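Trainee: Sequence:
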Amino acid sequence: MDPNNSFYPRPLGVSYNLSLPTAGSASMDTSIQLVGDSEADAHYFRSLEQAGILLNKPQLEAVRYGQGPLLTLAGAGCGKTTVLAARAGYLMAVRGVSPSSILLVTFTSKAAAEMKERIAALPDIRPAAARAVQARTFHSFALALLRHQGVTEDIFGDTQAQHTVMKMLLRQLGLSEAYQPESLLAALSAWKAEGRLTHELPENGQEERDAKRVLLAYEDWKKERQKMDFDDILLRASMMLRNPAVLQPLQRRFSYIMVDEFQDTNTLQYEMVRRLAAKHRNLMVVGDDDQTIYTFNGARQESILEFDKVYKDARVITLNINYRSDARILGLGSSIVAKNRKRRAKRLVSAGREGLEPQFFTPSNPEEEAIHVVSHLLRQVEEGIVRYSDIAILHRTASGSRSIFEQLVMRDVPFIQYGAGTVFYDQSLIRPLMDHLRLALNPRRMECMPSALGPLYVPRETGMDYIQREEKKQAKKYPLIHLTRWERLRDFQQEQVKERIKLIKGLAAMAPLLAIQEMRRVFYDKYLESGDPGTWTHYKETLQESLEELETAARRFETVEEFVAFADELSKRHRDMESLRTAADGDAVSLMTIHRAKGLEFPCVYLIGASEGILPHSTALGKEPPEDLLASVTPDSQTDPEQLLEEERRLAYVAVTRAKQLLYITSPAANHGKTAALSRFLLEAYGVKPSAAPGRSEATAERAGAQASSGAQARERKARMITVPVWSCSSSTCSAWIRKDIKQSRYGRTETPAPVESAPACPLCSSVMQAGTRSVPAR
1 MDPNNSFYPR PLGVSYNLSL PTAGSASMDT SIQLVGDSEA DAHYFRSLEQ
51 AGILLNKPQL EAVRYGQGPL LTLAGAGCGK TTVLAARAGY LMAVRGVSPS
101 SILLVTFTSK AAAEMKERIA ALPDIRPAAA RAVQARTFHS FALALLRHQG
151 VTEDIFGDTQ AQHTVMKMLL RQLGLSEAYQ PESLLAALSA WKAEGRLTHE
201 LPENGQEERD AKRVLLAYED WKKERQKMDF DDILLRASMM LRNPAVLQPL
251 QRRFSYIMVD EFQDTNTLQY EMVRRLAAKH RNLMVVGDDD QTIYTFNGAR
301 QESILEFDKV YKDARVITLN INYRSDARIL GLGSSIVAKN RKRRAKRLVS
351 AGREGLEPQF FTPSNPEEEA IHVVSHLLRQ VEEGIVRYSD IAILHRTASG
401 SRSIFEQLVM RDVPFIQYGA GTVFYDQSLI RPLMDHLRLA LNPRRMECMP
451 SALGPLYVPR ETGMDYIQRE EKKQAKKYPL IHLTRWERLR DFQQEQVKER
501 IKLIKGLAAM APLLAIQEMR RVFYDKYLES GDPGTWTHYK ETLQESLEEL
551 ETAARRFETV EEFVAFADEL SKRHRDMESL RTAADGDAVS LMTIHRAKGL
601 EFPCVYLIGA SEGILPHSTA LGKEPPEDLL ASVTPDSQTD PEQLLEEERR
651 LAYVAVTRAK QLLYITSPAA NHGKTAALSR FLLEAYGVKP SAAPGRSEAT
701 AERAGAQASS GAQARERKAR MITVPVWSCS SSTCSAWIRK DIKQSRYGRT
751 ETPAPVESAP ACPLCSSVMQ AGTRSVPAR
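Numbering-wise (the UniProt record's numbering), the sequence shown opens with residue 1 and increments by one.
To be clear, the hints were calculated from the coordinates, so they are not data collected in a lab. Mixed in with the good hints, there may be bad ones.
Claimed, not checked - Taking lysine to aspartate or glutamate pairs in the EDC-like style, the calculated list, with each CA pair at most 20 Å apart, reads:
#1 Lys222 <-> Glu271
#2 Lys526 <-> Glu499
#3 Lys342 <-> Glu354
#4 Lys167 <-> Asp220
As the list claims (entries may be wrong) - Ranges between beta-carbon positions, derived for each pair:
#5 Glu499 <-> Asp220: 35 to 45 Å
#6 Pro123 <-> Arg411: 25 to 35 Å
#7 Val522 <-> Glu117: 57 to 67 Å
No experiment lies behind these values; they were computed from the predicted model shown. Note that the Cβ used here is the ideal one computed from N, Cα and C, for glycine as well.
Based on the sequences and whatever the hints tell you, model everything.
Mentor: Laid out in structure tokens, this is it:
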């Protein structure tokens with residue numbers, strides 16, 4: 001069976017006559033050809049070559065660079081880590097720089113450890129010298145500075161503990177119903193990333209005054225207990241560096257500074273780097289403005305875009321040879337991001353292993369998308385084309401993984417979901433509705449009651465304590481009924497409890513979709529809005545998206561009992577799945593957001609949800625900024641819709657360039673019951689104006705196997721159709737079909753006939769398939 005039978009080499013609406021974006025071929029010259037034996041530093045590069053490190057021309061330029069500021073633009077998969085390590089070695093082995101004078105700063109402990117390992121593995125670099133190089137994260141460097149200056153506070157870095165403290169303070173100040181701990185802490189983090197102190201927070205209205213009061217109480221709580229969080233570490237270190245007595249010894253010590261992932265630096269981090277390098281100005285920064293996707297963490301693309309304006313004598317070197325991706329995959333990614341206006345012009349060329357040109361499919365909705373993708377990857381694994389661990393499934397938002405998660409679980413596919421704390425149905429927004437359904441089936445399911453108390457505006461801890469005390473005196477079929485006699489509740493609240501119990505009793509007889517819609521109508525949407533007006537206003541579209549996703553999931557079930565059983569089973573399997581995280585050689589699919597995938601690479605990538613409203617996300621197409629950008633919006637900042645769209649385009653670029661040999665992109669024709677056009681990013685990459693794209697009515701033809709077009713495009717291709725033998729699904733509700741005359745190669749198709757003699761099972765619905773013919777575009 002051909003694993004690629006249902007993907008096509010052009011997105012829906014793109015003519016087969018349009019050329020495929022393809023990156024140019026890279027020069028194969030390396031230091032072997034580029035560095036002559038007579039050159040003074042030849043010995044260093046000969047030793048690198050013996051160790052298997054062959055540097056190309058731009059890499060050589062960056063490694064050899066001497067003194068002064070240097071901006072190294074490192075395209076995706078262009079070997080920036082190799083360059084950083086090799087330059088550290090060059091400074092020591094060729095220029096005689098003391099190892100302890102080199103400071104290499106990056107963002108993660110993993111990246112810092114890898115850098116140390118790379119430097120230690122360089123030939124002619126003694127172990128002691130490699131250890132003396134300071135390869136640190138920003139936080140590690142800042143903490144070492146604080147400790148050296150006598151700061152002894154404990155690190156208060158546990159996110160859950162921070163939330164617990166914030167909840168306690170909100171209760172003490174009588175503001176529990178007004179703010180979410182997560183929102184307050186994110187706002188405080190963004191404020192400190194700008195180099196500002198908590199007491200400088202604005203007080204322009206009652207909401208801001210209340211928020212500031214809580215955050216100042218949080219600072220007092222930490223101070224009383226001698227604690228500091230990660231934001232404090234950077235802020236306090238940065239303030240210390242403003243003191244010449246602290247700064248000047250560090251400037252004398254670190255005569256060469258290199259910064260990795262420079263596009264991810266925030267204002268505070270950039271200020272620290274500039275101060276450290278101000279005296280000698282030997283500052284090398286490495287990054288890619290096209291991969292600036294963390295603005296919600298304060299990352300500033302301007303750091304790269306304006307580097308040679310800040311340092312007017314800076315040299316700019318572009319690492320443009322990509323060793324990761326097939327030329328056509330790289331070409332697609334480059335063509336997508338090239339449409340951004342706010343970027344440094346660069347064109348990557350490919351030296352990656354040849355694979356398959358990007359493949360596309362337009363399912364009718366995310367449910368069909370998930371079935372299709374999982375069926376396809378299972379066939380690829382069964383035929384030995386890839387292993388599970390070769391595969392990554394990338395999605396734009398957390399809620400966008402719900403359908404694919406469920407399919408992977410139901411089909412027993414081993415996978416690891418990175419960055420997700422809980423199953424969709426257990427998320428804080430969804431759990432109260434699911435627990436109401438659980439209580440409808442079993443009103444004495446005590447673990448479900450706390451989340452049911454919130455929408456009743458009953459304090460969860462004290463409310464549950466009262467219920468449990470009363471239960472010991474006299475058990476009730478509906479333990480919530482005890483609250484109707486709780487003296488702490490007002491008459492109208494006690495009446496609300498009675499009405500809620502009445503509603504819960506009726507939920508079990510409803511269809512799951514109707515039950516959820518009824519709960520939303522009667523109390524839940526009002527609860528979300530009244531419980532936290534600020535959160536509702538800013539996050540409204542994201543909250544609605546998750547609730548609509550829940551309704552979409554519920555449509556598939558006829559009874560509440562089936563729906564709850566399914567959700568509970570998913571939760572159980574998710575807990576079992578967590579053991580894969582620690583498996584040393586676990587062969588598992590990686591499921592993650594695009595943000596999580598940055599810096600990673602996979603032989604095979606499925607990018608799901610490449611439709612308008614998903615990627616680009618709907619919040620980038622409207623007036624409100626996306627949820628993940630809100631934390632970076634300060635009172636002095638402006639959120640430009642065009643900037644939001646450009647960041648979405650960079651996300652698409654990052655997603656595409658994670659793939660090495662195989663890239664499959666799916667674009668659902670509908671999402672949450674609404675029509676969704678093909679992502680403009682795909683159309684733009686092929687030179688098609690989004691407004692000129694055909695309507696989604698052609699999606700049915702696409703799902704049936706024909707890359708349909710409209711108007712002139714359809715007439716243009718009509719003469720290029722051929723009739724081929726196929727297997728067609730016998731089910732009246734499934735339109736799947738498979739060509740019989742295609743043979744599968746390692747990464748793509750050949751036209752060598754390979755007829756399948758016996759009817760296979762349908763890859764989508766498992767029905768028996770039957771022989772027939774079909775008209776398809778000639779290739």
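Trainee: The structure should be examined with respect to each hint, and the outcome stated for every one.
Mentor: Here's how the hints hold up against the structure:
1. Using a Cα cut-off of 20 Å, the hinted pair Lys222 and Glu271 is violated, with the two alpha carbons roughly 25 Å apart.
2. A threshold of 20 Å between alpha carbons decides the hint, and for Lys526 with Glu499 the separation of about 16 Å falls inside it, so the pair holds.
3. Using a Cα cut-off of 20 Å, the hinted pair Lys342 and Glu354 is violated, with the two alpha carbons roughly 31 Å apart.
4. For the hint linking Lys167 to Asp220, the alpha-carbon distance of about 15 Å falls within 20 Å, and the restraint holds.
5. Checked against the hint of 35 to 45 Å, the pair Glu499 and Asp220 passes, with Cβ atoms roughly 42 Å apart.
6. The beta-carbon spacing between Pro123 and Arg411, approximately 48 Å, falls outside the hinted interval of 25 to 35 Å.
7. In this structure the supplied range 57 to 67 Å holds for Val522 paired with Glu117, their Cβ-Cβ distance being about 59 Å.
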